[in-house]
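Chain by chain, the residues:
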Amino acid sequence: MSETTADAHGAHDHHEGGFWSTYVFSTDHKMIAKQFLWLGLIMMVVGGILALIFRWQLAWPETQVWGFEWISDESEGMPEGYVTPNFYNMAVTMHATIMVFLVVMPILVGCFGNFLIPLMIGARDMAFPVLNMLSFWVAVLGAVIMSAGFLVEGGHAASGWTGYAPLSTVPEYSGVFMGQTLWALSLFVLSFSSLMGSINYITTLINMRTEGMTWFRVPLVVWSLFVTAILGLLALPILGSAAAMMIFDRAFETNFFNPAKGGEPLLWQHLFWYFGHPEVYILILPGMGIASELLPVFCRKPIFGYRAMVYAMLAIAFLSWIVWGHHMFQSGMNPALGSAFMMTTLVIAIPSAIKTFNWLGTLWGASMRFTVPMLHALAFVILFVIGGLSGIFMASNVVDIYIHDTYFIVAHFHYVIFGGSVFALFGGIQYWFPKMFGKAMDEALGKVHFWLTFIFFNMVFFPMHILGVGGHMRRIYNPMQYEFLQGMQPMNVMITLSAFALGLSQIPFVFNFFATVFRWNVKWFRVLTQAVSALVVGFIGYKSVAVMFEGLMEPEPSTGGRIVGTIVAIALAVWIYRYLEKNMAPLGADAPQNPWDANTLEWVAPTPAPHGNFGPTLPVVQRGPYEYSVPGEEADWAPQTEPIDPALAEAGH
Amino acid sequence: MMSWLPENISIEGEEIDFLFYISYYLTVVVFIMVAVAMGYFIIKYRAKPGVKAKYTHGNNTLEILWTVIPTLILLVFVLMTQTSWAKLKLAIPQNPHVRVEVTGKQFNWIVRYPGDDGKFGTKDDLVLDNQLNVPVNKQLFIALKGADVIHSFFVPQARMKQDVVPGRTIPLWFTPTKVGKYEIPCAELCGFGHSGMNGEFIVHSEADYAKWRKKAWAEKDK
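Residue numbers (numbering that gives the first Met the number 0), protein chains in the order written: chain A, 0 to 652; chain B, 0 to 221.
Treat the hints as calculated values from the structure; they're not laboratory data.
Do not take every clue at face value.
What the hints assert, rightly or not - Derived DSS-like pairs (lysine-lysine); straight-line CA-CA distance at most 25 angstroms:
id : chain 1 : residue 1 : chain 2 : residue 2
1  : A       : K446      : B       : K43
2  : A       : K581      : B       : K180
3  : B       : K104      : B       : K180
4  : B       : K104      : A       : K260
Build out the structure end to end from the sequences listed, making use of the hints.
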């Protein structure tokens with residue numbers, strides 16, 4: 000970065016912006032990161048509620064959804080709280096669309112990308128701060144258009160998040176009119192937001208690394224975001240184009256995808272998955288990066304095979320362009336293509352395997368600290384392993400004949416996107432929170448949140464493998480309509496109960512997040528936090544006992560079940576209450592500059608990092624990002640700005 | 000996990016199940032190895048006062064090993080799968096015993112049986128909604144057509160699934176091996192009536208099949 004811009008930024012430090020330029024139309028990468036975080040967390044609530052609604056329908060088909068009975072019987076979607084088939088399809092569609100485009104992408108790419116890239120490479124901001132601001136506000140526009148779809152006549156898009164044509168392009172086939180068009184329009188807009196972000200990330204990383212920050216001293220999370228940005232730069236325009244074609248088909252009577260008028264429905268699938276498979280890696284690569292970042296810090300040990308990690312990510316980025324056909328093995332495309340796509344798909348499994356083994360190598364010989372971020376990173380590794388291995392089944396085009404479009408695939412991608420990306424996301428939030436907000440989230444509350452989420456995540460998604468093996472199709476409104484599925488209904492009930500528990504498990508996180516951001520440390524609020532967390536655990540305990548006593552298909556527990564359940568619930572609630580009472584730190588207390596004793600440059604910056612990040616001079620990098628427990632050094636860490644004995648740093652590369 | 004697979008009723012299903020088992024054992028073994036290693040490391044290498052972590056940047060021999068070994072295993076898996084895939088999808092049978100045409104149309108399977116002339120589109124065709132009758136142990140050849148949106152023809156017990164695409168005729172063949180009544184759910188979201196789009200797949204013994212044909216055409220001519 001040139002001296003003049005650095006000076007200009009230095010001058011910014013002394014100048015206090017107004018409310019609008021500081022919090023709303025900010026060009027500061029750290030504020031934009033926080034804005035993306037809020038956007039993602041708010042949309043996560045919407046996406047989660049949609050999931051609970053359709054899970055209710057799957058467990059107790061065609062009954063009133065609890066809490067929604069008040070809806071008028073003239074409602075199209077949920078008259079008196081009953082889920083209609085099109086509303087069900089809409090909920091499934093919008094759950095996925097929101098989680099992918101408005102939760103995981105804004106948080107993992109938008110928030111962490113913005114926050115970490117400049118701080119970790121020693122830059123004062125992004126290369127194009129105004130473009131960065133635009134990227135966020137265009138994302139908000141996309142979110143508003145997407146949300147507007149819920150309000151229009153005919154309901155929101157209901158043809159799956161994959162929007163297969165011609166169901167999605169000919170309104171008469173789905174009965175959805177404006178909703179699907181808004182869906183496509185929103186994706187079109189969102190693709191521009193991601194595009195702007197990608198251009199910014201790539202330019203920033205290439206041009207603005209501080210002195211000494213060579214490519215192989217760049218932290219892995221930044222590498223992952225760089226690779227993600229390249230994928231985004233190339234993939235999002237394809238989505239944008241496909242979405243535009245869908246809008247044309249729907250609104251201007253073109254016929255790209257409508258076979259009744261000479262169009263080609265498989266063209267949509269090719270376009271969608273040609274975007275969609277790189278997109279899968281856009282969702283998981285930052286998660287991999289975060290795990291690679293957290294593991295060395297809490298193992299107090301250099302990452303195992305840094306370069307192998309980088310090469311594996313580059314290999315994934317390249318290969319992700321030639322595997323899209325594995326989504327289409329049964330689509331009716333020429334089966335000879337299936338063989339080629341299976342081959343490439345298993346090739347892409349290899350870099351993922353390399354990454355997993357290197358994470359294991361990092362754990363070997365470590366000195367582990369089980370903080371909340373570390374727990375999430377460990378969970379990421381093991382859940383990603385499950386998600387990766389279950390992918391082998393679908394990658395085999397022959398096995399895929401049977402399990403394609405069943406719950407097996409639903410289990411698979413939730414292990415990758417929830418077990419992988421979302422666990423990394425929670426771990427990353429807890430880890431970088433002190434630098435983002437100047438306050439540290441509470442570890443005790445974080446542990447309660449982690450364990451509940453980990454347990455119920457597995458209870459929700461692991462049984463879905465079994466449903467899939469039993470042939471349970473995805474996206475069906477009522478499994479009881481099929482004789483061969485009726486025997487598996489108790490499992491659907493268990494999944495739904497666990498899904499509600501998983502939803503409740505997020506309450507300690509919400510309390511932790513808000514209490515820390517807004518410094519709500521007054522006595523009554525602390526008691527409320529403890530009580531609510533304890534109640535959540537107690538309630539889940541009660542329900543679990545009731546299920547053990549009565550089985551899954553009985554709505555009301557017997558007296559015995561009630562008594563034992565109550566005892567268990569009280570015991571659990573008291574335990575959690577007292578655990579939190581004893582272990583909760585002051586909520587929202589100022590965080591130290593480097594609470595985790597971490598090496599990377601964001602911890603060299605003051606907390607909270609000022610506009611321009613680093614004070615008058617930029618840090619000069621002298622060593623790699625993961626030089627922990629260096630022999631001969633007294634502390635087991637040192638910032639990247641400390642010189643290192645060169646013989647040591649090269650050892651074992 | 001195995002016992003959750005529905006009973007298999009087709010020759011092709013055996014092939015698919017075999018590869019399913021291979022994938023299952025392969026992934027379970029790898030998972031157990033990774034999980035045990037991870038669990039062991041987590042217990043053994045927790046922070047202890049006075050003990051520093053090992054200072055190592057990696058090991059090239061290990062990197063090569065854990066690149067090459069999975070590659071070899073996956074290569075074998077690819078070759079095994081492709082042999083099956085070629086058999087199941089590329090070798091279109093020339094003389095199947097029974098030919099039918101199934102059209103997916105929101106939200107029904109329309110099944111067209113040729114009459115005694117063996118040809119479709121002639122007067123003696125029989126058309127039934129949501130009912131596919133076939134003889135046991137005879138190769139069945141289905142021409143899949145779509146009338147509106149994409150559907151997916153699925154017979155879980157036969158392990159057979161094929162998307163139905165409007166504007167195309169897609170071949171699907173298999174040989175059912177067990178007499179019985181099964182279901183043909185649609186496996187690709189096809190609109191508000193997707194759930195419940197379900198046909199009957201009836202596998203008759205040879206004698207029953209002849210009887211059914213006679214009766215069905217007699218009823219048709221009435």
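Status of the hints after comparison with the structure:
no., hint, in the structure
1, A:K446 <-> B:K43, "21 angstroms, holds"
2, A:K581 <-> B:K180, "62 angstroms, violated"
3, B:K104 <-> B:K180, "22 angstroms, holds"
4, B:K104 <-> A:K260, "17 angstroms, holds"
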